[in-house]
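Visitor: Can you join these two chains into the complex? Each is in its own frame, and there are hints to help.
Protein chains in written order, with numbering that gives the first Met the number 0: chain S, 0 to 525; chain U, 0 to 393.
Careful: at least some of the hints might be erroneous.
[Stated by the list, open to error] As a list, the in silico DSSO-like pairs of lysine-lysine whose alpha-carbon atoms are at most 27 Å apart:
| no. | chain 1 | residue 1 | chain 2 | residue 2 |
| --- | --- | --- | --- | --- |
| 1 | U | K11 | U | K69 |
| 2 | S | K430 | U | K291 |
| 3 | U | K253 | S | K298 |
| 4 | S | K90 | S | K168 |
| 5 | U | K16 | U | K291 |
| 6 | U | K291 | U | K69 |
Derived by calculation from the structure, the hints in this document are not laboratory data.
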Amino acid sequence: MTRPGFVLEVDDRTPPLLVHEGLGFRLEEFPLGTRVIYPPEPVATVPDVDQAIREALLNPVDSEPLPELLFAGMKLTIAFDDLSLPLPTMKAPDIRGRIIEQVLEMAAAAGVDDVELIAALALHRRMTADELRHVVGERVFRSFYPQGKLYNFDAEDPANLAHLGTTEKGEDVEISKRAAESDLLVYVNVNLVAMDGGHKSVGVGLASYKSIKHHHNAKTMVHSRSFMDHKHSEMHSSAWRMGRLIGESVKVFQIETTLDNNVFGKPYDFLMKREWEWSVKDQAAMLGMRRGLALAPQKLRHKLFHDLRGAYGLTGINAGAVEPVHERTVRKVHEQQRVKIEGQADVMVMGVPYLGPYNVNSTMNPILAACMGLGYYFNSYLGQPVVREGGVAILYHPLDEGFNTLHHPSYVDFYEEVLAESTDPHVIGPKFEEQFATDPWYIHLYRTSNAYHGVHPFYMWYWIAHALDHLGDVIWVGGDRRAASRMGFRAASTLQDALEMASGAVGTSPSITYLHNPPHLLADVR
Amino acid sequence: MLALEMFRSVPKTMIGKAAGGRIPMLLTGLAAPLRLVTLDTPRVEKPGWARLKVRMSGICGSDLGMLSGKTSLYFSAVVSLPFVPGHEVVGELLDDCEDLAAGTRVVVDPVLTCAARGVEPCEACRRGETNRCSRITVGDVSPGLQTGFCHDTGGGWSQQLTAHRSQLHPVPEGLSDEQALLMEPVACAVHTALRAGVRDGDRVLVSGAGAVGLFATLALRELTDAGEILVVAKHGHQRELALEFGATEVVAPKETLRRVRRTTGAFQLEPVYSSPYLLGGVDVALDAVGSKQSLETCLHATRAGGRVVLSGMPAAADLSAAWFRELDVVGTYASARGEDAFGKAADLVAHDAVARMSKTVAAYPLHRWREALDHAHSAGRLGTVKVAFDPRLS
Numbered sequence: 000m001t002r003p004g005f006v007l008e009v010d011d012r013t014p015p016l017l018v019h020e021g022l023g024f025r026l027e028e029f030p031l032g033t034r035v036i037y038p039p040e041p042v043a044t045v046p047d048v049d050q051a052i053r054e055a056l057l058n059p060v061d062s063e064p065l066p067e068l069l070f071a072g073m074k075l076t077i078a079f080d081d082l083s084l085p086l087p088t089m090k091a092p093d094i095r096g097r098i099i100e101q102v103l104e105m106a107a108a109a110g111v112d113d114v115e116l117i118a119a120l121a122l123h124r125r126m127t128a129d130e131l132r133h134v135v136g137e138r139v140f141r142s143f144y145p146q147g148k149l150y151n152f153d154a155e156d157p158a159n160l161a162h163l164g165t166t167e168k169g170e171d172v173e174i175s176k177r178a179a180e181s182d183l184l185v186y187v188n189v190n191l192v193a194m195d196g197g198h199k200s201v202g203v204g205l206a207s208y209k210s211i212k213h214h215h216n217a218k219t220m221v222h223s224r225s226f227m228d229h230k231h232s233e234m235h236s237s238a239w240r241m242g243r244l245i246g247e248s249v250k251v252f253q254i255e256t257t258l259d260n261n262v263f264g265k266p267y268d269f270l271m272k273r274e275w276e277w278s279v280k281d282q283a284a285m286l287g288m289r290r291g292l293a294l295a296p297q298k299l300r301h302k303l304f305h306d307l308r309g310a311y312g313l314t315g316i317n318a319g320a321v322e323p324v325h326e327r328t329v330r331k332v333h334e335q336q337r338v339k340i341e342g343q344a345d346v347m348v349m350g351v352p353y354l355g356p357y358n359v360n361s362t363m364n365p366i367l368a369a370c371m372g373l374g375y376y377f378n379s380y381l382g383q384p385v386v387r388e389g390g391v392a393i394l395y396h397p398l399d400e401g402f403n404t405l406h407h408p409s410y411v412d413f414y415e416e417v418l419a420e421s422t423d424p425h426v427i428g429p430k431f432e433e434q435f436a437t438d439p440w441y442i443h444l445y446r447t448s449n450a451y452h453g454v455h456p457f458y459m460w461y462w463i464a465h466a467l468d469h470l471g472d473v474i475w476v477g478g479d480r481r482a483a484s485r486m487g488f489r490a491a492s493t494l495q496d497a498l499e500m501a502s503g504a505v506g507t508s509p510s511i512t513y514l515h516n517p518p519h520l521l522a523d524v525r
Numbered sequence: 000m001l002a003l004e005m006f007r008s009v010p011k012t013m014i015g016k017a018a019g020g021r022i023p024m025l026l027t028g029l030a031a032p033l034r035l036v037t038l039d040t041p042r043v044e045k046p047g048w049a050r051l052k053v054r055m056s057g058i059c060g061s062d063l064g065m066l067s068g069k070t071s072l073y074f075s076a077v078v079s080l081p082f083v084p085g086h087e088v089v090g091e092l093l094d095d096c097e098d099l100a101a102g103t104r105v106v107v108d109p110v111l112t113c114a115a116r117g118v119e120p121c122e123a124c125r126r127g128e129t130n131r132c133s134r135i136t137v138g139d140v141s142p143g144l145q146t147g148f149c150h151d152t153g154g155g156w157s158q159q160l161t162a163h164r165s166q167l168h169p170v171p172e173g174l175s176d177e178q179a180l181l182m183e184p185v186a187c188a189v190h191t192a193l194r195a196g197v198r199d200g201d202r203v204l205v206s207g208a209g210a211v212g213l214f215a216t217l218a219l220r221e222l223t224d225a226g227e228i229l230v231v232a233k234h235g236h237q238r239e240l241a242l243e244f245g246a247t248e249v250v251a252p253k254e255t256l257r258r259v260r261r262t263t264g265a266f267q268l269e270p271v272y273s274s275p276y277l278l279g280g281v282d283v284a285l286d287a288v289g290s291k292q293s294l295e296t297c298l299h300a301t302r303a304g305g306r307v308v309l310s311g312m313p314a315a316a317d318l319s320a321a322w323f324r325e326l327d328v329v330g331t332y333a334s335a336r337g338e339d340a341f342g343k344a345a346d347l348v349a350h351d352a353v354a355r356m357s358k359t360v361a362a363y364p365l366h367r368w369r370e371a372l373d374h375a376h377s378a379g380r381l382g383t384v385k386v387a388f389d390p391r392l393s
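Isolated chain U (complex conformation) (with noise of 0.2 Å):
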């Protein structure tokens, strides 16, 4: 079968990293650690798990970091090397699952968790936080966080992966594949909302508005009681997007901090040869970018005891503002599955402002995949949210 396979490679992870920002076409030519390969297709020897034919798999910003080599090494020790990318997933399963019946369109929750490692559950298991759990390096398949980062799983980027029961997630009726394809995405977006804190009537800002911050945008919207959502936006399309999927206000990056100076009568101060800041500010603070200038703007537009939740896989920045303003710096990685996620995004992706949004859903067919990784690199600028792969077309 049909595979793309990430390989360890360190001079193309080091040019990548070291020129891959002021020269984009090196990240999908010399630089990237990635090969289009044909591969066995996948075995099922375990109880539970099964095969699974990929309908769509999409790119996500977690990726494009790896590839980049812009990603912590701190994650090196939770993957297994080489791999299949690819943990946005709607599929169709080959074999019959437990419950599930081959022929059955699913996603999948790609946390590996205890249950799907075949070891006892832990403490975070137990209680339902599966996206906590600590047992992702061992058990019956190599060491990775998620599918789509593990050796013996496989990933989306491919036509066929191996998935276990306690990750699949049937598609419910009426859902597009596209739909479908953005329950994963969706699913992080509902724990980011949750794990916020948001109180009723709360200022909340979201810097970004990709896939991530959208979604966020929806979730906060639709599952809490916030106030105002301001939203920072680079292009004129996720302007509209982020007002479909309910912001108060979109501002641009530059204008941030002026904006929220202004809804929240704060003060502002000029530090020198610094970023200006906040004294008072938003509620509620959410990254959904992982830069180090949107993670700062967070950090620098949050009122005194405000949360800062880090949604997008956060850059080094200046946490001077986390401890002067005492702020609650929350991290969201992935859904539990204790909370429903993946329920409760089944819901929002059949949401209006997400269905017409996933009509425009850019597939390509695993061959040319230098064009998919570029059409993502510039996503926003190209007026897409979400690129996939789609291992059915030729």
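One chain only, chain S, in its complex shape (with noise of 0.2 Å):
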């Protein structure tokens, strides 16, 4: 029976408890009365995938079964989720390639000849082939990228482009001209956070800067209160009202998966564990990590780290209809990540670890490493955030990595320049925004090289707005301390020299609550 997810209340008899920071983790002792969420245990899996892809294809929620809609002569395209997804990399074989098999058996049988498979990057990198592979599988690869039929939506090709319309708010729809002259369009999500799938697949995924700057924006995403809860996100809103003005001119076929959380496999496993459950084994695998770590050069911790794959298994899968489709498939995110916390605290921990959604294969940069706290974990609630509004955010990563100038080109320059001048993004997107959009070098190395768009490090800003407006102060411990100036941060070296720092903002006897994570949980604040 699958524990769920609970509060530890931090007494005189809890063990130091594990921190992630970049590419290494921390034993951290917190003080008396520190709150610890920590996620549910990996529920459920389906016992047989292929059946469930099948069976989810066949019967479809408010749409009909798929070979139903398959047709000799019709224009097929398949579009599925980037690498920036699951997080870690999944364990070949990866469950998008598996359903594409699926859907690919289904078209040939009905005699379709013209399928297109699109990774739908929206301005992320375009993936290496080695990555399309590992996604669709090698029988998938090798039959459709020689030919030019898998590729990355290009979301600066005006010639591949398509502009459906504006929304009723004057949004920019403009897709993938591939996809929206397709008689039907599939796409394959792996939904690891509520906030993922819905028309959030193809309005974003297989949309250009056009389309995509009506919602990420600072504006949009302070307001996106929280991004995992599409009802409460102006994001998801314009997202969805794209989504809608899409349907009416493309038939769009939604597959939505959900993965159980069990991102760290054997012998890493005790990552995922509560520490007062560490077996003699756990912790003789946790010390002799810690000591490889604290002796490995980086870039050894760096290859270690990010070679890790998640051996998930598959909670569920459902297709048809965006909109119903992604209702059961929030449910079951839910059922993965969802903690119920009483009250707000006055100082919220997070540990980022070494992996966010753009920096796989890559480097965690300060200005990732800023999102994946400030962004996703801070975000990552239902109802009202973790920390109360004036409440400190204390973080723990060294904000050492650097940049990594193939795939974050304009990361650098954002870094150097635009942080420079203000942290503010209200005040940074204004005027900087469209300048790295359109840069003409930004675009090439997006088309042509594994950079992502010039825009990208100001949506990662964005990202941040909500915690920006809503925290007093944020805090690194062990973060480089200029690193974090330059974020317009502080840096402490202990945990106790943050909540120091911190009590100017929330005094000496703040509540303190430590968001365990990852795996990812979705704190449900009352």
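Guide: Put into structure tokens, the structure is as follows:
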């Protein structure tokens, strides 16, 4: 029987607790009375994945079965989430590949021969051939990639974009022309968190900057409370309006999958266990890993962590019409991640791990670390934030990994130039965003290399707009002082120092809540 | 009279050249081909010449280059050793000089042209391009491209020197000696700005924020219609001054190419075992340092068909970009009388920012020349823009 998430109150019997900090972790002794939020243990998975996929395709929600939507001579496009999901990358075979195989089998049975597969990157970096192969599987890759029928979406190719109109709020809807002109668009999601999927899949994943800028901006982001609750997220409201407009001209068959939270396989599974339940073997693994990490150079630590693959199990799959499918998905995600919490805290503590959606096989630079902590983790709530307004966020990350110039070239300029001038998302957006978004060099790198779009670092900073608006202070334990300062934050050597620094905002005896993730959790704050 | 004299010393020059970069103290100690001497006071024998009592004389980057043996031997033919250095001079006339009465406070345009040498004007001098004079080794005085490099005239690093009327510019009322001292380098900056060929709205890169770079920035801002002026500054106080002098943005040396790329939307290439460069970039780049790195930054950050201006005495550098991107590489030396550079400079040194900066001029008596040169060598790091000698100090 899976145990639900729970709230631990630190007392004098509580052992030091594990806190992630980039390419490593530490054991931290929290003050007595600290609330520690543990995610639920992995929920039950489907016994037969292939059978579950088949069931979903043949018995979709509010839609004809997939075979009935397929016919000879039709134009079929299959889009799928890119490498930013799941985190960490799933052990092969990837669930998307298994679904795509079955969709293709049904298409072949129906005589469909005009099929294209698109990695729905939006403004993310292009995936390499190996990364595409991992997602779709060897057989699909070999059948489609050499012919150019499996490719990365290019949001900067005007010849292959279609403007479908504007929403009632004047938002442009511009998506992949191939997808827009298809008789059927099948979208294969991995819904790692409640934010993913729904109308955000096509409306963002296959959209251009012209479209995305309507909801990826500071004003919208600060009013998305939270991103994990699409009914209270301005960003999602905009994506929903766009998705409905897309639905008027494109038949979308949505497939959404949910996974358990088995993010760390053996021998690293102690990272997911509750510390007082560590066996001797777990403790040995922990000590060995700690000692090894302390001695290893950064490159080796990077390789060690980034080579980890998630041993996920499929907890659910739903297919059919976008909105009802998504409702079911969200329920399933909640089942895996939701933890009820009573009341807000003065101080919220988060360990920022080595990986976020935008540094898969790459570097967690300071902007991404900030986005991971203050964007993802801070916003991972239902109801109200874990920390009260004017409270303090204490994050753990060394902020010392630097920038990957292949993947994040515009981040360097953003960090050196934009953040040097202002860290206020409302100021930097109007002044700099357009320049970065239309920079021909960034566009060139996005289209031909493996670089995130020039505007991407702005989106990371908009992500944290709500946190910046809400919090009284942000302190990084173990963080590089110059990096923290450049981002408008402060750095402390220890948790005690951080609490001392926070005392100006929250007093000397604050209530503290530590979010013990990963695995991801969703705080349902009452 | 007391004077500092530069003399020929091959061993000292060799030591300075070989080790001066690594052991800066050598340049003002063992390796300095400079000595404090007592010389006869200068005499005036030719019409149009007069004696000057030095009030202040600046230490220029070219002086430091010369003393450290970094200056190209190309210039050995246009100096006459031993000589008293110092070509940035503000002084007081000891004799009447044509229309200028004794006691007049003057600054010296150091170029020793046909007029000063008592020869028929060469073609350049006739056109007013006096800095291009072709007779700088002949005539009434010994070879020397300028006062401060010529044995016969003396130089500013002394108590007295001689100058020709064609070199003298009365100091306008209200200017301090420190401001007047800056007129010569500012006049050079005026010439640089005019040579830069800046068109309306052009993006300009100024590499270096020492005196040369700062004054060039001021002149570009005040005398041209340059759009964005990006200044490369190494030190904090230089950043602030550059902004005061008219820079749009200031960047650190290592950020230069990235920032130019960003602001111009250029493409950046990374050649093998070589420095990155841009396809695209600024319209005009001005090297105000004279190092290989600075010059290559300018060459690599300028758009095809753009202009690179050599304001500092240049070091050897890879000129591939000049050929490949068809750049106009333009030298600027001193200032020309035909463009009234000193008149314009007099206006510019009255500028509030220059007036403020002039108060930071570090003055030393002649006998503390080692300290003065040490200070000048590290001026940027020590927060100083200009170091000078004031022979009146005891």
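Visitor: With reference to the structure, classify each hint as holding or not holding.
Guide: Verification of the supplied hints:
1. A threshold of 27 Å between alpha carbons decides the hint, and for K11 (chain U) with K69 (chain U) the separation of about 12 Å falls inside it, so the pair holds.
2. With a CA separation close to 35 Å, the supplied pair K430 (chain S) and K291 (chain U) exceeds the 27 Å bound.
3. Between the alpha carbons of K253 (chain U) and K298 (chain S) the distance comes to roughly 24 Å, so the proposed pair stays at or under 27 Å and holds.
4. Proposed proximity of K90 (chain S) and K168 (chain S) is contradicted: the alpha carbons are some 42 Å apart, above 27 Å.
5. Under the criterion of a C-alpha separation no larger than 27 Å, the hint pairing K16 (chain U) with K291 (chain U) is consistent with the structure, at around 16 Å.
6. For a cut-off of 27 Å, the pair hint linking K291 (chain U) to K69 (chain U) stands: about 12 Å separates their Cα positions.
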